[in-house]
Amino acid sequence: MVNNSVKVRDLHVVRGRHTVLEHLDITIGGGVTGLLGPSGCGKSTLMRCLVGVQRIAGGTVTVFGEEAGSRGLRDRVGYVTQAASVYDDLTLAENLRFFARVLGVDRAEVDRVVAAVDLDDHRDQVVGRMSGGQRSRASLAVALLGTPDLLVLDEPTVGLDPVLRKDLWALFHRLADAGTAVFVSSHVMDEADRCDRLLLMREGRIIADGSPAEITEKAGADDVESAFLAIVEGAAI
Amino acid sequence: MTPRITLAVAGRVLIQLRRDHRTLALLLVLPCLLITLLWWMFEDTPVFDQVGPALLAMFPFIVMFLVTSVTTLRERSSGTLERLLAMPMGKLDFLVGYGLAFGVVAAVQSALAVTLSVGLLGLDVRGPVWLLLVVAVLDAVLGTALGLFVSAFAQTEFQAVQFMPALVIPQILLCGLFVPRDRLPDVLGTVSDVLPLSYAVDAMQTLTTSTSTGDVWRDLAVVAAFALGGLALGAATLRRRTP
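These protein sequence lines are chains A and B, in that order.
Quick note on the working numbering: the first sequence kicks off at 23 and runs consecutively.
Quick note on the working numbering: the second sequence kicks off at -1 and runs consecutively.
Among these hints, one or two may not hold up.
What the hints assert, rightly or not - Each computed SDA-like pair below joins lysine to any residue, with the alpha-carbon atoms no more than 20 Å apart:
id : chain 1 : residue 1 : chain 2 : residue 2
1  : B       : Lys89     : B       : Arg237
2  : A       : Lys29     : A       : Gly94
3  : A       : Lys29     : A       : Asp47
4  : A       : Lys29     : B       : Arg239
5  : B       : Lys89     : A       : Ser92
6  : B       : Lys89     : A       : Arg77
7  : B       : Lys89     : A       : Arg123
8  : B       : Lys89     : B       : Gly101
9  : B       : Lys89     : A       : Arg93
Derived from the structure by calculation, the hints contain no laboratory data.
Here chain B stands alone, though its shape is the one from the complex (with noise of 0.2 Å):
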């Protein structure tokens, strides 16, 4: 890995969605307007204090991982992968140049809703906000891991779309949001156990719930092993040399 190719990879990406005023509107906007349609449906009940913090956990998951399982698919068959694996491009720049990029999105992203969600609409949050933006950060970069995997799957844009109900959906439904994690029949709830998305929505409870930092810093840790999982994982899709 080399620095230099690394912050080139992650600059040229932001470069890219810079021009690409749609989806940055998209990235930006839409989980603001989500999570304010969620507080407005909710009004004067606590539900919006229980919910709140699993979709700051989920928005930056699911869209980092469409972007990115589209645009690293977009490379595989453009032929701009080819040619960069043919120069002295290392495997890792390419996907920790693709984190960083969608990371810094994340940022925004996130400070975005965290902002609109505690200072507007009233979200109680124990915990250090920072925090909050940490595990929200962490978790764009577990999506772009995560979508830069299965974009070896799919051969088009199509398929690579089709990709978020397969791994995406199932993470929503036993993440804690619609039942607690621990009243979920014995089956699922070991299910629920090695999802990383339940580790993240647990952070971000914990942290509206509580003041102690000693759990949100465990299951931050497992969803980083996640996330370089899911890199690992994506490094080995990378192929130089390919049929």
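In isolation and in its complexed conformation, chain A is listed as follows (with noise of 0.2 Å):
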């Protein structure tokens, strides 16, 4: 397991007048590491950090000890962004072959991510006409192409079928035990105690940071929503 994937210091990203992360200071480690909070709290604009596609006005990231978006870590790194970013009109099997092209990998490795996000049976359907859930799944399966060593996910499991949801966390803690860090975010609560380490994330800050039962501890309640407006209220007073 790699230590100290990611080292964020004094990350400080404002878009338009509009300050979206503050003076942010994270270190992210192997294992499922999660991200939550509420919608435009800033974690898409601290994922867009990881993988180097957002402008910042300062502060550094660094991945494996290169800067964020650097040329050797494009390969080493899987994205998937909010909104599923795969090719309406191609199959899935196509997108997969243009992106495996792109990254240089194997074509043997569509079959193995096809199937590792479950939809060997929609591999030559038209991304388009596939349901929501299937389409962030084909998002998902195009970030695991040449087993990056670190994932960076924008809420993958979002309006996804509960069954589904397990079946993909599974898979998050199997990539992860397979030494690639895995970094999740999500505005769902209850997807909370499925991550090794959490972030608690709050108007461009972190609030909290350490393991579910930590965190839940720390903050003398029962789960982490709990917890999140304990330590909401807590600041305010």
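Both chains are given apart, each in its own frame, so use the hints to dock them into the complex.
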């Protein structure tokens, strides 16, 4: 397992006149790290910083010792945006073959990732005709090509059927056990318990950092949602 | 730039087009129908011989401009471009990939239009016919390059389509189709001299009226320079990091 895959130091991001991230300091290691917080709190922006597509106002983001987004990292980091970024007019297999060629990975990878997201029956279906859940799994499959060392997943389980959500979390843990650092965001608090480590985020700041058990214990709450509320209320006093 | 990635982009764009039967039919059949319409309108007059070459230069340019500006805008808004830029893809891989794919389509489109015009409708071509095709393909690449560039300034497909009248129609008006370029008012003549379509139309007209090809190559060089400039501008609008 790679320790400290991602180091974020004093990261500051401004979009328009709005400060989205305020002097963040985060370290992300192996295992499944969850980034939880309400919509609009800056989760997607932070994820964009990790893959190096966000313009930043200050601070540094390093991934495996290199500056985020630098050339050497582009085939080591898998990224799933919130909207399914696949070509709707191509079949799943065509999408994957294309991205596999861009990444320079073997074509056998296509079969492996189709199986990993459980879409074997939809290989030759045009992505635009898939259901929302299938499309987001298709997008996830692209990120799995070439077994990246870091996976950055922006709300990959939103709107999915509970059974499928459970399967995907199991997949994330299998990947993490095999050595990939998995960084997943969600605005659904009940997904918190599925993470090895949690970062709770609100209004561009990290308000809690630790395992789900540590966070709930420290806040004296029964679950992560109550802990979140307790921390926010505690800060307001 | 990596040839493997450039070709992957070109191949993917072609597969997407192949799947979209309606667009493909419009790309390939529409120019032929419009040329036939024009030929029919001016039956028994020399007008078709005068405007036919200009049309052969205009179609690939207009069509590729439209198709490219809309498709690349779609890449920008769907997140696929962001994903590709987070992968080991160079900006030029993306641009040249698109240029190659639409260049191939333009070659087929022009081959059909030229075969129809010269073979069936009796358009007089004195110069080598293959050179007509070269002009058409380069013209398509020019349209692709400009389309890529303007897609950066449009937020919606609606806006992208509006760039057509803004950037393309003035070029059509001033390219020598309506008034020979040397008889335009001085100011407009100068404007016409700096618009790429003028050179493409000049090249086509030279090819139909004379057997010497020296001027054609010069015009082609100008069109190629504009296309390269367009690609460079397009590359400047593809940013890995966005606000």
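A quick look at each hint next to the structure:
1. B/Lys89 x B/Arg237: holds, 8 Å
2. A/Lys29 x A/Gly94: OK: A/Lys29 and A/Gly94 at ~17 Å, within 20 Å.
3. A/Lys29 x A/Asp47: holds, 8 Å
4. A/Lys29 x B/Arg239: Given that 20 Å is the threshold and the Cα spacing comes to 19 Å, the pair holds.
5. B/Lys89 x A/Ser92: holds, 14 Å
6. B/Lys89 x A/Arg77: holds, 17 Å
7. B/Lys89 x A/Arg123: holds, 16 Å
8. B/Lys89 x B/Gly101: Holds. B/Lys89 to B/Gly101 sits at ~18 Å (cutoff 20 Å).
9. B/Lys89 x A/Arg93: holds, 13 Å
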